[in-house]
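So you can see what is in the structure, the chains are spelled out below.
There are 2 protein chains.
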Amino acid sequence: MTAPETTVVIPLYDRFTALDVVGPYQMLALTPGVRVVFAAEQAGPVRDDCRTLQMTAVGLDEAPRPDVVVVPGGPGTVHVLEGALPDWLRDVHATTRWTASVCSGSLILGAAGLIKGLRATTHYRHLDKLPLFGADPTPERVVVDEDARIVTAAGVSSGIDMALRLVELLTDTRTAQAVQLWTEYDPQPPFDAGSPARAPEDVVELAAEYEAAALEDAMRAR
Amino acid sequence: MTAPETTVVIPLYDRFTALDVVGPYQMLALTPGVRVVFAAEQAGPVRDDCRTLQMTAVGLDEAPRPDVVVVPGGPGTVHVLEGALPDWLRDVHATTRWTASVCSGSLILGAAGLIKGLRATTHYRHLDKLPLFGADPTPERVVVDEDARIVTAAGVSSGIDMALRLVELLTDTRTAQAVQLWTEYDPQPPFDAGSPARAPEDVVELAAEYEAAALEDAMRAR
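Chains as they are written, first to last, in the numbering used here: chain D, -3 to 218; chain L, -3 to 218.
Only chain D is shown next, with the shape it has when bound in the complex:
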């Protein structure tokens, strides 16, 4: 058991990617002593990039001061690189234990000026954008910078692996392993196509088409 309570805030925004949020959420929320709060610029329902899943959030201004922040990615990233979210992140990062991102969430950390000069990762299709924020793109699944207290993860599902690392950092190895076991995280993907280095070339092209269409759709949305 961990005492005192650790507060995790996961900021949501229109067109977030659901698994970027719920992968880390599940691992953290099941950890004894951890409470998770979902927050958004406006309190109320927030819709994901597939326009189907709707989650409830409190306002960023009502959210408790977090010990840990996990910023999800998604095509909606393009609309929040300026404004309230990067400002809030810059403010709370001064006192967080860990400020983390999944997928293109690292670009929002970048917009907040939090990954300047750091090695960082993101979805493989966005690695080339990290230098825009002064970061050194690192095609690893999870990158932990202990000095900067910044953790970045690769695309979508990598938030699960990252969150298990966070659980270990916040509690201990045994607790993190128990959360892994409880969620039976013993992955057995039916194909070996989860990395651009190993997926067949035509699958890399098809995934790029899907991703580009989702981004275009988000761009058109405002």
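Hints listed in this document are in silico derivations from the structure and should not be mistaken for laboratory results. Note that the structure is predicted; figures quoted are calculated from it, not measured. Cβ atoms here follow ideal geometry from the backbone N, Cα and C, with glycine treated the same way. Take the hints with a grain of salt, since some may be wrong.
What the hints assert, rightly or not - Across the chosen pairs, the derived CB separations fall in these ranges: (1) 55/L to 39/D: 19 to 27 Å; (2) 132/L to 127/D: 37 to 45 Å; (3) 87/D to 201/L: 37 to 45 Å; (4) 87/L to 83/D: 27 to 35 Å.
The hints should help you fit chain L onto chain D, whose structure is shown.
Coordinates of chain L only, in the frame set by chain D:
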């Protein structure tokens, strides 16, 4: 692209486990030609087992007739083994292409009489309950019964692996691989503790304590 559209309904209920829902949701919702609908006995917000995540659902009676159903698990399972959900499942299964479950969701399929005489899987802590519903417990990650059109998955995170199989069954291998790549599902758990066969003994005990406490909490809730 798949035409005509495939409709997936994911039924929610109080104290569902979030990753049981969102793992499969993400893989299916990103698949071209697939739309996903969340439904619950009562339309409105539904809260997960950690009492933090709240998702919006339509009523089961308003939900479109599904081609695919994915029933999540969670401690709340104990409260829905009788009533509207098993009745609804029995009805829609007559015309689904696939009726699937994640984690203790298989017990709800069981309550609907849909796994009688079948090999089936569930969360490792619930395998011993499958014979109550006439099923043969099979400690595999994903079990597909093509004749019965029933797919069952092991605990929580196994829904991701299962859903990639479903995407392949609904479309083709290349599309399923592109969804895997898009979500960068190239898992790298930091520990090898995701299976009771390989986790250290004290971790198995700790996870059992966590799971029992969550179930007790759900039992007390009504």
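Going through the hints against the structure:
1. 55/L to 39/D: 19 to 27 Å: 25 Å, holds
2. 132/L to 127/D: 37 to 45 Å: 55 Å, violated
3. 87/D to 201/L: 37 to 45 Å: 42 Å, holds
4. 87/L to 83/D: 27 to 35 Å: 51 Å, violated
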